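Trainee: Chains as they are written, first to last, in the working numbering: chain U, 1012 to 1422; chain E, 7 to 108.
Calculated directly from the structure, the hints in this document are not laboratory data. Incorrect hints may appear among the rest.
[Claimed, not checked] Computed cross-link-like contacts, PhoX-like style, restricted to lysine-lysine with a CA-CA straight-line distance of at most 25 Å:
#, chain 1, residue 1, chain 2, residue 2
1, E, K55, U, K1335
2, E, K103, U, K1210
3, U, K1171, E, K74
4, U, K1285, E, K81
5, U, K1129, E, K55
6, E, K81, U, K1241
7, E, K43, U, K1119
8, U, K1250, E, K81
9, E, K93, U, K1264
10, E, K103, U, K1171
11, U, K1098, U, K1080
12, U, K1250, E, K43
13, U, K1264, E, K81
14, U, K1335, U, K1036
15, E, K62, U, K1294
16, E, K43, U, K1285
17, U, K1264, E, K43
18, U, K1210, E, K59
19, U, K1210, E, K93
20, E, K81, U, K1242
21, U, K1250, E, K74
22, E, K93, U, K1250
23, E, K103, U, K1264
24, U, K1250, E, K103
[Claimed, not checked] Listing some non-contacts, in silico: residues in chain U with all C-beta distances to chain E over 12 Å:
#, residue
25, D1039
26, E1132
27, E1144
28, K1152
29, D1238
30, N1304
31, L1326
32, R1384
33, I1407
Being a predicted model, the structure only gives us computed values, none of them experimental. For each residue, glycine too, the CB sits at the ideal point set by N, CA and C.
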Amino acid sequence: MKNLVILGAGTAGTMMANHLNHHLKQPDWQITIIDEREAHHYQPGYLFLPFDIYTPEDIVKTIEEFIPKHVKLIKHKIDRIVPTENKIQLEGGEELAYDILIIATGAKIAPEETEGMKGAEWQKSVFDFYTFEGSLALRNKLRDWEGGKMVIHITEMPIKCPVAPLEFAFLADSFFKHKHMRDKVEITYVTPLSGAFTKPKSTEALEHLLDEKNIKIESDFAIERVDNEKKEIVDYGGKTIPFDLLVTVPTNKGDELIQRSGMGDDLNYVPAHKATLQSRDYKNIFVLGDASNIPASKAGSVAHFEAEILTDNILLFIKGEPLKEEFDGHANCFIETGNGKALLIDFNYTHEPVEGSFPFPGIGPLRLLKESRMNHMGKLAFRWIYWNVLLKGTHIPFVSATMSDSGKHYE
Amino acid sequence: METTIGGKSITVNEEGYLTDFSQWDEKVGEALAAEAKITLTPRHWEVIKYLQKEYKNQVALSIRHIGKSGVVDIKELYQLFPTAPLKTATKISGIPKPASCI
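Modelling step: build the complete structure from the supplied sequences, incorporating the hints.
Mentor: This is the structure in structure tokens:
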């Protein structure tokens, strides 16, 4: 019997377990998936927790309920991968051999990378919303916060869900308007990039939102440290930005097990081929989702599209046939803009988000790069699709793994 | 759009960044640096070569990452390319400024 092992039972790992379960049957293959956690969180929900739009119960289920019957789930911490010996070492010493390994260990925040971030003000006036605990702590703060300078900040790229900080700013604007205290809050968006938007079409289409919502921008800000006493963020160039409430996206890194295995780059992301998803260093290792270093966005939709292509490539690999260089970096993401509206963007490695309709030309029903209530309904409905369609490895009708030009307005 | 840099016809975007790295050469780099009021020293060139290498490998650039590269530390980077060093150094190097999905 051959062993296919998947590390990580988050979005990507779970989808792969389901995809491969259709194709790799016992007694030829045993699929094993390893994750030390009990819970599976719908991470896009973390954006909504601070504003009491979702409750914790809305976004938590178990890992187990999404793992198919014949896939073995091991609930244990992984110590490291020993790629030269085709085996995994679990914490405690147990070893597991593999014929094929899929790394789906994700990415998480590392606030300790920035001096002072996890200092005296952490979870008092300095918060993240990229963790369950962080979102809830921020929720509790916002429930009673009486106003002041809210600074929404990105430490460095890459981050998962690159649009989330902007969504947070938009939702915060609506939140405070709803509470009749918008005039008591100054919202500033601070980014290491040269603007809130970096792509021409997006800038053209969306820049007005920042003015309309009175969101100030500070760009080219490379944070050096958080000054907990003065309540300021300080960049390497000496610029300071004061805050009363800092909502920061810390450095995002891959799992430490990647570092323990000696396999990642300086942010613990695993080098992989951007179109085949095969590891650059080991032929029988593949990487899916946020854990890789490929230049695609770190987003659930990307993992979904990757999974369809990776499944094909795993089957080709098993047959000893050449892999398909098919993955094009396709991502499809909703962006909440507040007041019951959202945008949808659909893009890939080579094509920036443009206006148009999705998935059907003309008909839509979703509009690309334009605010609509339908898009907002789509974002909310997506939670159901995540639990009931996406995680199970089911293809979403009319949405191809590689980006389609259809319905898009390219000049 | 087409413009002339370092005596060559170069295609740039609306912010003056090269859209085709193969059009870059050292004279173009020097001309872009002059526009930014920077005189290039051998140290500058070491950083430029490093940035271009990272670009070829499609590595996301950040100040912290460059500071950990072993090529230059952050303090020196700001001395070499004052004010928004990432934005400035990438333009001179003929590579796109760091961008996100939108």
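Trainee: Output the numbers, in ascending order, of every earlier hint that fails for this structure.
Mentor: Checked against the structure, the hints that fail are numbers 1, 4, 5, 7, 16, 17, 30, while the rest are satisfied.
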